[in-house]
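Working from the sequences, and respecting the hints, build out all of it.
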Amino acid sequence: MKAKLGMSPIAWWNDDLVELSDDVSLEECLRQSRSAGFTGMEMGRRFPNDPKVMLPILKEADVTLCGGWFSGTLVDEDLAKNKDRIQPMIDLFKAVNAPCIVYGEVGRSIQGDRSKPLATKPKLTGDEMKAYGRRVTEFGEWCAEQGMPLSYHHHMAAVVETEPELDSFMRHSGEGIPLLLDAGHLAFAGGDVLRAIDNHHKRINHVHVKDVRMDIIDGLDRSKQSFLDAVALGAFTVPGDGSLDFGAIVQRFADHGYEGWFVVEAEQDPKKNPPLKMAEVGHKELMRVMTAAGYTVETQGFPNA
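So for the sequence shown, our numbering puts the first residue at 22; every next one is plus one.
Quick caveat, the hints were computed from the structure, so don't treat them as lab data.
Glycine included, every Cβ here is placed at the ideal spot set by N, Cα and C.
There could be a bad hint or two in this list.
Label-pair distances were calculated between CB atoms; the ranges are [as the list claims (entries may be wrong)]:
1. 324 <-> 151: 37 to 45 Å
2. 40 <-> 99: 32 to 40 Å
3. 40 <-> 213: 28 to 36 Å
4. 223 <-> 134: 29 to 37 Å
5. 77 <-> 196: 32 to 40 Å
6. 244 <-> 49: 36 to 44 Å
7. 305 <-> 109: 34 to 42 Å
8. 320 <-> 76: 19 to 27 Å
9. 312 <-> 66: 27 to 35 Å
Below, computed lysine-lysine pairings styled on DSSO-like, alpha-carbon distance capped at 27 Å [claimed, not checked]:
10. 151 <-> 102
11. 144 <-> 104
12. 104 <-> 73
13. 293 <-> 305
14. 104 <-> 223
15. 73 <-> 115
Shown next, in the form of structure tokens:
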């Protein structure tokens, strides 16, 4: 089985908490992640939107674009508005040969609002979840028809956060919307990561290997503290530095035959946790558990570099 290891630039620049950002260029971010061993990088706010500009930068760094976040609003807004907003991203991702676009639902979400405590997260009724699942499936099918598959990201403080909510969404949606399994977000929400892999492995096409510090999560007052408060306190980290057993998690993916990207997405204070150092810690741990699970980790970065 083959696997690819990528990173998210959120370790260097945080889109929601500017104070958790390093003053480094895109080129330096890519250089550091590649030197740690990662061959892919998800898109961040300092990436150019023109493939003619992006491709030379990726080639120079010897990395490939391995995904990127789209802020979807299908829980409230119609398909047409979301199609119009995602079309330029589809065109860009096709031009640079990215594997998928990560769909993150921001409609009703409190994930970016530091004034909203975790306990006030939005919840959908059964009928709302049924309608939402159908709408997102239709959107996913349309994106795939345009040549770019989606990957649905369950997320803290959003309408699909908990394991029961994820199960419900998967039940009411179809194969047209694949799943991004994020170990850290599911663990933060109190879910069982291994059980979720068992239940939904057939739809998983992208993986975020985000680790958590459970002592920080367990110490949160969810009636007062927000998702961004938790991030600022250090709730997330890289594999090998947190509470999750990635040996067991990666083995479970291997048991189900998953092949593809494993992306480290660990937003934290770069001054307390230097991104290059954390990238090295994460890569070392992933190589250890990947090898034990029988994966061959691909080392090629930019195609034909």
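Evaluated hints:
1. 324 <-> 151: 37 to 45 Å: holds (41 Å)
2. 40 <-> 99: 32 to 40 Å: Holds, at about 36 Å.
3. 40 <-> 213: 28 to 36 Å: holds (33 Å)
4. 223 <-> 134: 29 to 37 Å: Holds, since residue 223 and residue 134 (Cβ atoms, about 34 Å apart) stay within the stated range.
5. 77 <-> 196: 32 to 40 Å: Hint holds: Cβ distance 36 Å, inside 32 to 40 Å.
6. 244 <-> 49: 36 to 44 Å: Given a distance of about 40 Å, which is inside 36 to 44 Å, the answer is holds.
7. 305 <-> 109: 34 to 42 Å: holds (37 Å)
8. 320 <-> 76: 19 to 27 Å: holds (20 Å)
9. 312 <-> 66: 27 to 35 Å: holds (34 Å)
10. 151 <-> 102: Holds, at roughly 20 Å.
11. 144 <-> 104: holds (25 Å)
12. 104 <-> 73: holds (23 Å)
13. 293 <-> 305: holds (20 Å)
14. 104 <-> 223: holds (26 Å)
15. 73 <-> 115: holds (12 Å)
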